[in-house]
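Asks: Listed below, chain by chain, are the residues.
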Amino acid sequence: MTQVCIIYDKVRFEEKALYEKAQKKGVKAQIVDGKTLTITTDSKKKDFALGDVILQRSVSHYRGLYLTACLEFLDFKVINKFQVGETCGNKLITSLALAKNKVPTPKTQFAFAAESALETINKTGFPIVLKPIVGSWGRGVFPLRDSEVASMIVEMREEDDSPLSRIYYVQEMINRPPRDIRCIVVGDQVVTAIYRYSAENEWRTNVARGGKAELAPITKELEDLALKAAKAVGGGILGVDMMEDKERGLIVHEVNNTVEFHGASSVSKNDIPGAMIDYAVKVVKK
Amino acid sequence: MKTKVECQECGADISVPEDAVTGEIVTCPDCGGDYEIASKAADKVELKPAETVGEDWGQ
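Chain order of the listed sequences is A and B. So the number in the working numbering is just where the residue sits in the first sequence, counting from 1, plus 1. So the number in the working numbering is just where the residue sits in the second sequence, counting from 1, plus 597.
Simulated from the structure, these hints should not be mistaken for laboratory data. Note that the structure is a prediction, hence the values are computed from the model and not measured. From the three backbone atoms N, C-alpha and C, an ideal C-beta is built for every residue, glycine too. Hints may be right or wrong, so weigh each one.
A partial selection of chain B residues facing chain A, derived with a Cβ cut-off under 10 Å [stated by the list, open to error]:
| no. | residue |
| --- | --- |
| 1 | V602 |
| 2 | G608 |
| 3 | A609 |
| 4 | D610 |
| 5 | V613 |
| 6 | T619 |
| 7 | E621 |
| 8 | I622 |
| 9 | P626 |
| 10 | G630 |
| 11 | A638 |
So that you can see chain A by itself, here it is in the shape it has in the complex (with noise of 0.2 Å):
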């Protein structure tokens, strides 16, 4: 019997949900700590009880992405794999990729010093959007409206103490309603598609910052465009982040590598972990 394992830093609804739906389907599976765990160069697989397949599941992203180095290098099979984690959490790379692949994307301009991100910002024009290229749950993410204020901005990057800072992701303002879509894929499946509203006095519409969420029809297009996406980043289990341009249609700005679905399974009927358990042992079976 294949043997699912959950390895997470902090239980949330996302990895009791997994552990549940396996019991349920008669998969065995096991929940562990990552924070426990101790590699070595001198580690062998037979060394660590961690089943037939890990589902990374850590909300620490570095914490994630290099025990799934680790795991990987002990040739445990990870989902996802650490090219995929790489890729996803970092935007700049992401944005790359999704251009490389011909995938709709927004515009978006890279600098490499204040002084160029200030002329590229004021060159552009405004409103434009100022992200940093390792973030999440919308942290650091600007509406830059006027000079003034991009100066600000970039003067507080500039005394930021992380070197990650210097680098200027600057991103055209997508003129979209104030919804973006978030469509969860399971390998070649788009097993949910949601849109999320953003809160009250609030442009971003990640549910971490109150967005709310409604259930999405997945359309032919939104399908198509996600599962593009996905293998774009290197596919697996993924939140592929859509906004709706009023010209030009669906665009992705951005691919999740450790999702969390607990506003999607909220108004969603579909199975969202189940799909990812039926994943993992197909995972295994390859």
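Fit chain B to the given chain A structure using the hints.
Replies: What follows is chain B alone, placed relative to chain A:
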């Protein structure tokens, strides 16, 4: 049945739901301190201070 555990910060009772599992976070109703469930047996629950939210948390 909920299990009560004393908050290490303020001494208030923290209720741990019956269906909670190891690794889940519980919050003290009085001081707001977050704790991770370190272990859970039939009638005994051990808590440890939870990690604070990191810059790289989430998706």
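Asks: When the structure is checked against the list of hints, which entries are broken? Sort them ascending.
Replies: 1, 2, 3, 4, 5, 9, 10 and 11
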